[in-house]
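Build the full structure now, drawing on both the sequences and the hints.
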Amino acid sequence: MGVKYIASPLIFTLLMYKSGLQPDGSCAVNIDSGSRPQFDAITYMTINTTYLLAILCNPEDDFQCMLVPVLTLGRYSKLPFNNYVFLSSSLREFWGGRYNLLVSSLLRQAVFTPAKKKGYSNSISSLMAFAASGALHMLVAHYTFGYGMIRTMGFFLLQPLIISLEMYIESRYPWLKAKCPPFARCILTMSVFCLTCPLYVGLFTEAMPEFLVNCNRDVKLPTWAVVCSDWIGKAVFGMAVHPLILAGVDAPLKAKTE
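No gaps in the numbering here: position 247 of the sequence shown is 247 in UniProt numbering, and each next residue is one more.
None of these hints come from the bench; they were simulated from the model.
Cβ coordinates follow ideal geometry from the N, Cα and C atoms, glycine included.
Treat the hints with care, since some could be wrong.
Just the calculated beta-carbon pair ranges, DEER-fashion [to be verified]:
1) Asn122 to Asn83: 38 to 46 angstroms
2) Glu170 to Tyr120: 19 to 27 angstroms
3) Ala131 to Leu188: 43 to 51 angstroms
4) Leu139 to Met66: 27 to 35 angstroms
5) Leu188 to Ser123: 20 to 28 angstroms
Next comes the structure, spelled out in structure tokens:
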């Protein structure tokens, strides 16, 4: 939901601007020819960060968590997807108690806890859990892009190594945690996470604009998403850009609106 209705219009507006989109809808890049714009480092990180914001910030998830108990008169509740991930003061807290709570719970029950019962240490058990998550995401990379499996696993194996480093620093230099204010630790945690994310999230960025276009060919966008994209295009780039205009296509796709 967040990626479809929030990130997609913003990212596509930026993509079309970087692709040389003209006000009349013409574009120098033809997605069917296999060519794509070459993004500079700032644009690359901006697109990755926008995707992360859409994934990490889920206002609609908060609304659903509030609505389910009301509609069911307290009989049911919805497990939130995230738990305010930007308040994470360490990567251990980020992965263990704030991000993707459902998968985190499943991996803890299916991998981490059984490994602990077998006598493995916390570090090895954590490494096994991340490896299992990496294997699942390797399937996504394989079937979606046809490449990137090794770097995907690399991203997930890198996380427990950073967590181990965090724990070592905390035990070796306990005064650092006392001296460093919570907001600074949160900023440092999210900065480290954002720097490592291109290993996996970068696969989606590097497949653009084809990936975004193909994923949205049959998307029925709400009117506000189209209006928002047009407003951002005019305010930032000086042109109105529809979020689903196809680059280099003679008859641009007209997205259905509600």
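Hint says 43 to 51 angstroms; check whether the CB-CB distance for Ala131 and Leu188 agrees. 25 angstroms, violated
Do the Cβ positions of Asn122 and Asn83 conform to the proposed distance bound of 38 to 46 angstroms? 21 angstroms, violated
Taking the Cβ atom of Leu188 and the Cβ atom of Ser123, is their distance within the range 20 to 28 angstroms? Since the Cβ atoms of Leu188 and Ser123 sit about 21 angstroms apart, the hinted range of 20 to 28 angstroms holds.
Determine whether the Cβ-Cβ distance between Glu170 and Tyr120 falls within the hinted range of 19 to 27 angstroms. About 21 angstroms separates the Cβ atoms of Glu170 and Tyr120, which means 19 to 27 angstroms holds.
Just tell me: holds or violated, for the beta carbon distance of Leu139 and Met66 against 27 to 35 angstroms? Between Leu139 and Met66, where Cβ atoms are some 33 angstroms apart, the hint holds.
Consistency note: the structure conflicts with the earlier hints numbered 1, 3.
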